[in-house]
Amino acid sequence: MQDALRLQVDWHSGGIEGAAQLAAVVNAVLAVGAGLARHVLVYRTVTESSAQGSGGRSGIGMDGGGGGGGGAPRFGGPLQWSLPFRAYSAANWLAMNCHRHMHEFGTTPEQLAQIALNGRRNAARNPKAVYREPMTLDDYFAARVITTPFRLFDCDAPVDGSTAVIVSAAEHARAVDHPVARVEAVGTALRGRPSWDQWDDMTTMSARDAGAMVWERTDLTPADVDIAELYDGFSFLTMTWLEALGFCGKGESGPFIEGGGRIALDGELPLNTHGGQLSAGRLHGFGFIHEAVLQLRGEAGDRQVGGPNAPGRAPEVAAVANGGGPIAGAMILTKEDGR
Amino acid sequence: MSVPFRVQPALDDENRFFWLSGEDGCLRFARCGDCGEWLHPPLPRCPACGGRDINPEAVSGRGQVWSYTVNHHSWDGSTEPYTIGLVELDEQQGLRLTTNLVGCAPDEVHIGMRVRVTFEQQGIVWFPLFEPDPDVTDPEGGS
Ligand SMILES: [Zn+2]
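Chains as they are written, first to last, in our numbering: chain A, 1 to 339; chain B, 1 to 143.
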């Protein structure tokens, strides 16, 4: 990017370590706060649809994937503890978290389905979403099982896409003629082992820590949040975020989303208002930040909370969350008027 | 039952004991000689006490199903559903192993089920899998 645009930058950052996908935005906030930069362009580009379209995802079996030059592929590092047992995908790993949640708290498949159904309802009002046709509970259950209890529509949709956000110094808000999203607080904590199977509490995973920390850094409370844009790489992650951010108690996300009314566009906590990654497409976390900014700026079109299709108050406080397995990041954004 | 395709671990000085351990029928984890903490994955230094006296030690091979998933998607060419399990060993709270649950149908598996280790040899590697513990009468059934 720096080369393509021939940018002369005072600061740059890349890489995958940190508080999930939000780490890049948090790094930008820190750079601006430290005076290293005044405006930071943060972007994420994914090409997963093309990658799978051209011959499909390469197999992990004998005839492909993994490297190793002849015979079965060999893995060291963390993957050696899952791949040999044919637990190939985060779908497998997270399905076990979801099962444990169902075991401990009585969460039902019908409750889990509400995350996918809510996303699809909202995606119908998002012209950029990939899945916009209506989906019923029957449709959801008719889809094939990937790995119990996850069905096809519990898994997000690969897309090609790019998302950019610009992080600027706070005083810049007075220089623009539109509302801006102010970064009120970030949650970047990691207080357990960053591991799918060794994390202490499988029903929370790392969302617990990032979610707790974000409220340690603001006077706002969960009751002040008008919209929630919470990562749904798999449906169950959104449930862990609802609990981690205190919108409901630990283990209570199932009853909280029961029936879907509370999290609908016109409900008390509109959730994943663009359709989430399950229906809008997997922009790998950045779609949630983008959507929160659109909503706070009043630019979300047919799906605008407080607009004709979702009468009520225009949102002023948004919760954003990314990741949630072994790493997680959360953010509270507030609306601030321009000049 | 035919032997399924398995990705092989890349053996090194830290993990070799684990993957070869089943040769004598025992499952082993790294353990701190100073404080007794079991470490998984293996580490050269104990995160509980800082001790460096870390050595492989056999466990009972018994534990409970902490969670599981029945996989239906074909990731590796096979279309037969199979059960991935997360087993917590009796030796220490939180000492868990991702594994496969064998010797029972996928719909017989349940969380809390008592299991014991069994090994599947492929080449020099002994993969630790788990099966229903025959010495335990399971109150929750199964069959
Ligand atoms: Zn120790």
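Hints listed in this document are in silico derivations from the structure and should not be mistaken for laboratory results. Don't be surprised by glycine CBs; every beta carbon is placed ideally from N, CA and C. Be a bit skeptical, because a hint or two may be false.
To be verified - Chain B is faced by these chain A residues, among others (derived, beta-carbon under 10 Å):
no., residue
1, A4
2, G35
3, P78
4, H99
5, P149
6, F256
What the hints assert, rightly or not - Restraint-style ranges between C-beta atoms, simulated for each label pair:
no., chain 1, residue 1, chain 2, residue 2, range
7, A, E17, B, N55, 48 to 58 Å
8, B, C35, A, D337, 51 to 61 Å
9, A, E216, B, C49, 43 to 53 Å
10, A, R38, B, S78, 49 to 59 Å
Evaluation of the provided hints:
1. A4: At about 35 Å, which exceeds the 10 Å cut-off, the nearest Cβ of chain B leaves the hint on A4 (chain A) violated.
2. G35: violated, 37 Å
3. P78: holds, 8 Å
4. H99: H99 (chain A) check passes; min Cβ-Cβ to chain B is 5 Å, inside 10 Å.
5. P149: Since the shortest Cβ distance to chain B is 8 Å, the answer is holds.
6. F256: Since the shortest Cβ distance to chain B is 22 Å, the answer is violated.
7. A:E17 with B:N55: 48 to 58 Å: violated, 31 Å
8. B:C35 with A:D337: 51 to 61 Å: holds, 58 Å
9. A:E216 with B:C49: 43 to 53 Å: This hint is violated: roughly 30 Å between Cβ atoms.
10. A:R38 with B:S78: 49 to 59 Å: holds, 55 Å
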